[in-house]
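A.B. asks: Starting from two chains that each stand alone, build the complex the way the hints lay out.
Those protein sequences? They're chains A and D, same order as listed. Note that the first sequence covers residues 0 to 179 in numbering that gives the first Met the number 0. Note that the second sequence covers residues 0 to 249 in numbering that gives the first Met the number 0.
Some hints here could point you the wrong way.
[Claimed, not checked] Simulated coverage check for chain D against chain A, where a stretch passes if three residues somewhere in it have a Cβ under 8 Å from a Cβ of chain A:
| # | segment |
| --- | --- |
| 1 | 39 to 50 |
| 2 | 54 to 65 |
| 3 | 91 to 97 |
None of these hints come from the bench; they were simulated from the model. Don't be surprised by glycine CBs; every beta carbon is placed ideally from N, CA and C.
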Amino acid sequence: MSVLRPLDKQPGLNTATILLVGTEDALLQQLADAMLKEDCASELKIHLARSLPLPSDVNRPRIDLIMFVVNLHSKYSLQNVEESLRHVDATFFLGKVGFLAMGAGQESHCSIHRNTVTKLANTYRSPLFFCDLEREGFRATVAQRLVRMLQICAGHVPGVSALNLLSLLRSSENPAPEDL
Amino acid sequence: MERRPGEQAAGEPADCGAGGGEGGDDEPPQGAGAQAARPEARLTLLLRLRAQTKQQLLEYKSMVDANEEKTPEQLIQDKHIEAKIEDLEKEVEEVKTAFEMKKLALDRMQLSIALQKNLEKIDPKTSVLMDNMKHVLKLNKLIMKSHQESWDLEEKLLDVRKKRLELKQSSENKLLEIQTEKNKQKDDLANMENSNKIKAMQRNLKMEIQITTVIQNVFQNLILGSKANWAEDPTLKEIVLQLEKNLTTI
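So here's chain D without its partners, still in its complex pose (with noise of 0.2 Å):
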């Protein structure tokens, strides 16, 4: 539902909100200069609304020569028609930007067309545009050679980082083979203890220090059998004692 007070509202700007901006009022308070700048109000009036209906016809030339494009009856998914504005807006812009560009490009011409004229019309050597453009020219060589220092200050860092990077290389490198010569080490010693070769020694070693324990138990018996007062000859003392060693520990 429209609400009648914003009808309302839209009657009042009528007054207040015509011919606003511009210079020239339709109705200026003035008296005198009145009269000489109404039809020059008039005339800027009159100019504007040619542009205005100038763009409005444009706009809807447009509208009718894309209402003579047919719309596909069919349902399309909303994916595909989101893909299909997409690629709709992208030539939009891509045609903007050409416009620009030729635009531009006229533009630049136009100007040095405009300046050759203005050079051949002038003392070459005196004129402020001269002094502009040298001091255009000066910049531009400062640019150049400050591009140019910064280009080769990024090369340096560009070296200096390859080579980081070549010595982190090579040092990972060496860390690995140290690592895997550990670890050869590491499985040669187990083999070692695993081989059979040893396993076989141990046994005998076992086997000569249980015999050795036995003979060893038996001379100790021989003497203790003996009721001889070992403690107080010392050759005996000796023997008595060598024999308590325990072979198991050595």
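Looking at chain A on its own, in the form it has when it is part of the complex (with noise of 0.2 Å):
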């Protein structure tokens, strides 16, 4: 069971369970904090990892969102998530798979282009946000942003399904899987 697969469990009532997985644990639990503070009426439930595949011994709910967060300073970060892809079921690519980069604001200290991460994204056809996690306020708009894609991840708004989000936010950035 170590591969993720997306609905192989049934839903908790009124539940909604996001998956982070990254290097950086401190900034990973900021966000979650911040997440946890936004207006939501179903319950949140943040898992945070820092690679998959996660252990199997424990009895976890249904994962409706992974969001990988790839630290743009350094490298050994995006090689985690690189080997942490490996461990996900190719169904869950369908909408409910997300890339936060961070860092991206300090030019110089970044290791890694940003287009290293954009072919990342386009690669598996999942949405991309930047965002610098260390201040405040944009941490809270990511937060906001994330529980909005969770909400609908796990099927509690109606009307609207994980596929057909990932195709909304597809149309704006169309330009790219031509470039590949």
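C.D. replies: What follows is the structure, given as structure tokens:
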């Protein structure tokens, strides 16, 4: 059971679970706190992980959304994310996976080019968000976005599904897939 | 590896995250109004849960349907897969837009029926609705007029541009003609200079000049040899000086 599958468990009533995968523990924790502060009608459950595969002995609820957090300042985080991507089932990428790139603001510290992350997101056809997780205001904005996305991916918003959202998000960044 | 504190953070929100957005909480602190508010809050919660479960059921159903399609087993190249994915995505987009259009048309029909029913009920001359509609019609007329004006202006602009282009082309032609004429003249001149007649003429001229020079020198030497003082006699002086003229420079 080392591969994460999206719909292998029953959903919890009124519960939405997000899994944040990334190497920056402190920032992930802060992001989780910001998300919990957000106004949301359903219960939020946030799981933090350094890398996949997750230990299979824990009884955890069905994961609705996976966000891979890449720190543009460290190549190790990108490697980590690429490693973890292998443990995710293909059906997850139908709108239930997203990439979050942080640290794009300080160009001088960036060891990964923005295009690398963009290409990664395009290969997996998943949305990519840029955010500076160290500033409170930006963190709150991203937390809000993530909460909305999570609600949609968990099926709490009638009429909009994860795939629908994916194609909505896609149309604003249209030229990218043709470059590949 | 999952971190245990992560699980803990998950435990806490059950308290603060539950029912936060809706007006009614599960456990409102007030006393008296709470009793009346609670069944309504529970009703809202139940309705919301119903909508959620419906949506989730839809998702599972669609997954089941999707899994029934057989995926091709042989290895397809990356580019083919990309192309197929894009085709499928286009299909999805088309279906979505068609659905949206149909929904819009349906909404429009419903709206017009509702309007009709509304108009039948009320006095058509004094309602705010009629004022709104008249305003809308006025604005539409204005829009059409300005569209027409801008169209006319664009036409004029196009005409001016066409004329300019024509003028440019004709001036180009004229310049080309001038150039060809000049070239022709140059060629003619060069031809003339190179023609044989002129060469023969030039040769004859040279010969004549040489003969005359020789005769000049002969006469000069005759006069000098006669040891006459030619400087004193004006006619002799004139003759000698004339013989000095170098004929090649004429």
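A.B. asks: Indicate, hint by hint, whether the structure satisfies it.
C.D. replies: Status of the hints after comparison with the structure:
| no. | hint | result |
| --- | --- | --- |
| 1 | 39 to 50 | holds (count 4) |
| 2 | 54 to 65 | holds (count 7) |
| 3 | 91 to 97 | holds (count 3) |
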